[in-house]
Amino acid sequence: MGPEAFVYPFLFLALYFESFLLVTFLSKPARERRLATTPLGNPPRVAIVVPCWDEESTVAGTVESLLALDYPADKLSLILVNDGSTDGTGSTLDRFASHPQITALHKENGGKHTAMNLGIAHAKDAELIGFLDADSFVAPDALKEIVAAFTPGTMAVTASMSIHEPKTLMQRMQYAEYTLGIIFRHAFASINSLYVTPGPFSFYHREVFVQLGLFKHAHLAEDMEMAMRMQRAGLSIGNAIRARVYTKGPPTVGTLIKQRVRWTTGFLRNVLFDYRDLLGNTRNAALGFLILPLGLIAIGSGIFIFGLGLYQLGASVLHALSLAQTVPLSYTFSFHNMNWFYLPITLITMLGAALTLGTFAWMVLGKQLSGTPGKLTLNIIVYLLFYGIVAPLWLIRSVSDVAFATRTAWR
Amino acid sequence: MPLFLRNSLIALGIALLITGTVVYAINYLNNARIAELTAIEDQLSVDTLSLDTQFSLLESAPCDSVASSTTLVSSLADLGNRLASAEGQLGADNAQVVRLKQQYSLLEIRDYLITKQIAAVCRTRPVTVLYFYSNAGDCSDCDKAGYALSYLRNTYPALRVYSFDYNLELGALSTFVTVNKVKGPLPAFVINGKRSNGFTSLDELEKRFPKGALATSTPAEK
Numbered sequence: 037m038g039p040e041a042f043v044y045p046f047l048f049l050a051l052y053f054e055s056f057l058l059v060t061f062l063s064k065p066a067r068e069r070r071l072a073t074t075p076l077g078n079p080p081r082v083a084i085v086v087p088c089w090d091e092e093s094t095v096a097g098t099v100e101s102l103l104a105l106d107y108p109a110d111k112l113s114l115i116l117v118n119d120g121s122t123d124g125t126g127s128t129l130d131r132f133a134s135h136p137q138i139t140a141l142h143k144e145n146g147g148k149h150t151a152m153n154l155g156i157a158h159a160k161d162a163e164l165i166g167f168l169d170a171d172s173f174v175a176p177d178a179l180k181e182i183v184a185a186f187t188p189g190t191m192a193v194t195a196s197m198s199i200h201e202p203k204t205l206m207q208r209m210q211y212a213e214y215t216l217g218i219i220f221r222h223a224f225a226s227i228n229s230l231y232v233t234p235g236p237f238s239f240y241h242r243e244v245f246v247q248l249g250l251f252k253h254a255h256l257a258e259d260m261e262m263a264m265r266m267q268r269a270g271l272s273i274g275n276a277i278r279a280r281v282y283t284k285g286p287p288t289v290g291t292l293i294k295q296r297v298r299w300t301t302g303f304l305r306n307v308l309f310d311y312r313d314l315l316g317n318t319r320n321a322a323l324g325f326l327i328l329p330l331g332l333i334a335i336g337s338g339i340f341i342f343g344l345g346l347y348q349l350g351a352s353v354l355h356a357l358s359l360a361q362t363v364p365l366s367y368t369f370s371f372h373n374m375n376w377f378y379l380p381i382t383l384i385t386m387l388g389a390a391l392t393l394g395t396f397a398w399m400v401l402g403k404q405l406s407g408t409p410g411k412l413t414l415n416i417i418v419y420l421l422f423y424g425i426v427a428p429l430w431l432i433r434s435v436s437d438v439a440f441a442t443r444t445a446w447r
Numbered sequence: 030m031p032l033f034l035r036n037s038l039i040a041l042g043i044a045l046l047i048t049g050t051v052v053y054a055i056n057y058l059n060n061a062r063i064a065e066l067t068a069i070e071d072q073l074s075v076d077t078l079s080l081d082t083q084f085s086l087l088e089s090a091p092c093d094s095v096a097s098s099t100t101l102v103s104s105l106a107d108l109g110n111r112l113a114s115a116e117g118q119l120g121a122d123n124a125q126v127v128r129l130k131q132q133y134s135l136l137e138i139r140d141y142l143i144t145k146q147i148a149a150v151c152r153t154r155p156v157t158v159l160y161f162y163s164n165a166g167d168c169s170d171c172d173k174a175g176y177a178l179s180y181l182r183n184t185y186p187a188l189r190v191y192s193f194d195y196n197l198e199l200g201a202l203s204t205f206v207t208v209n210k211v212k213g214p215l216p217a218f219v220i221n222g223k224r225s226n227g228f229t230s231l232d233e234l235e236k237r238f239p240k241g242a243l244a245t246s247t248p249a250e251k
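Chains as they are written, first to last, in the numbering used here: chain A, 37 to 447; chain B, 30 to 251.
Bound conformation, chain A alone (with noise of 0.2 Å):
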């Protein structure tokens, strides 16, 4: 039995994973959170917190755009909160403090977690709290589909993220990825198993501070540690499809690799170490037996793929160029056997395959349901092209990071 025997039990998973996402999204809850919105009768006070560390070159946009959504501007407040940038993001922010609905606040560095408790203190009004990282934008009728979403019981709403005008390959990467990412949040709150509630555009009310606390560091991953410690109190959180926010992917393979260390390392430190206890809950059943089982397996299994793949890929390459270097070039790049007979069709090529297409599908019909604008196809492709060989990068990192308790830092 070969090394590969090992790629059979993952793929089931995967197929297993895809088929459950297929049957949720089919599911009476997920469609009705997919019915048409109903005009809000008596909108609610909102505070909108926008916590900023050196981002002079995107906050001015990030919060025109807020100024622009469509809802009552009495019943909105935006709070910038200036955590001690070393640029000109606190001048830019002052620009916009004379704004009847928007207060500037500056602070000390003291981390992303304190800038977004800082904006809680001043937001007293606000029955509805949400939060929009520095360097992202919203579009008009994104809050009114938050608030849309805010159905009794419900007492977090995330987002429709998808990246903001991508340009370089990893943004469209990342692009083809968010479109992914839209579908599983959607299905995943239909069954309550959100365990992140993104940077960009979260809205809590504000009786989850009070019942459970204000943000922390969480191993800088404030977003995803305030979702589980959510889900531990039996709080439920939701998602509004139609809500888009875009965000500024990383431009570089460097740059998208620190954002993803950061990303998990703090899944894997707030999952194995202080919410462990959710693992296996029967309180909560898909979260505890398949969705957080399922996320740490697909880290180890994308290493174990892909360091599988790259020693068949070392061997072939040596054996092909030992076999090259036998005969003339000539006869090595000439077409033999192109014959149906010869073609590689295992039950590894195709069920991977089936789980490709099956996840194109599902990223065609996340960019259609979000209504997400840009055209998805190139993107597509490069991400085919490209996820495979990066992503396996940041989790080896992460999972030695966690491995040998090295510090993750910020940028």
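Since the hints were made in silico from the structure, they are not lab data.
You may find that some hints are simply not true.
[Unchecked claim] Taking beta-carbon pairs under 7 Å as the criterion, some of the chain A residues facing chain B (in silico): (1) Y52; (2) I227; (3) V363.
[Claimed, not checked] According to the in silico footprint, chain B covers these stretches of chain A (three or more CB under 8 Å from chain B): (4) 348-359; (5) 380-388.
Here a beta-carbon is modelled for each residue, glycine too, at the ideal position from N, C-alpha and C.
With chain A fixed as given, assemble chain B onto it according to the hints.
Frame of chain A; chain B shown alone:
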């Protein structure tokens, strides 16, 4: 039944159904591969028997059949390639693959013997290579030797290369090995009756051929 449990069970059913369908489709395809190999072998078997029968009827070599004999050897080469591919996909231990390899080896031996008879009577001078390899992991140069021979066969279509799995359990093959006094280490070659072992390079292999043998083997048009 709770929603999560219901969805989990349905998802398990779907995943099993898809996996089962894929397994069935691959099995169907592999059977089609085996069927194609069997069909080719059957045809070759008929062609070989036909040539053999002509021999008996005329009580001498049918010298006008040299051309058809040349076609036979190229069909044998194609079958050999397909068998190697099937062996790679289905495994060397697959019973059907082993049976097909045995039949293939018999066809090769038969063709080799007929070629020798035709050469003796019709005064032709075919260049024949008996190549003995092993897939048991004890022949590190067999892949390279096989690839070099594929190149030579492709370049000189009249070259008659007969490949044999040294470890294949087949009485006729054991006798053939004994008659030709083939011994390890592998790869082992018998080029126009001359034995040699090992493989280092294409140039070195070409030097083992009788002088001018490859030149007279009609190079393929480029």
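Against the structure shown, which of the earlier numbered hints fail to hold, in ascending order? none
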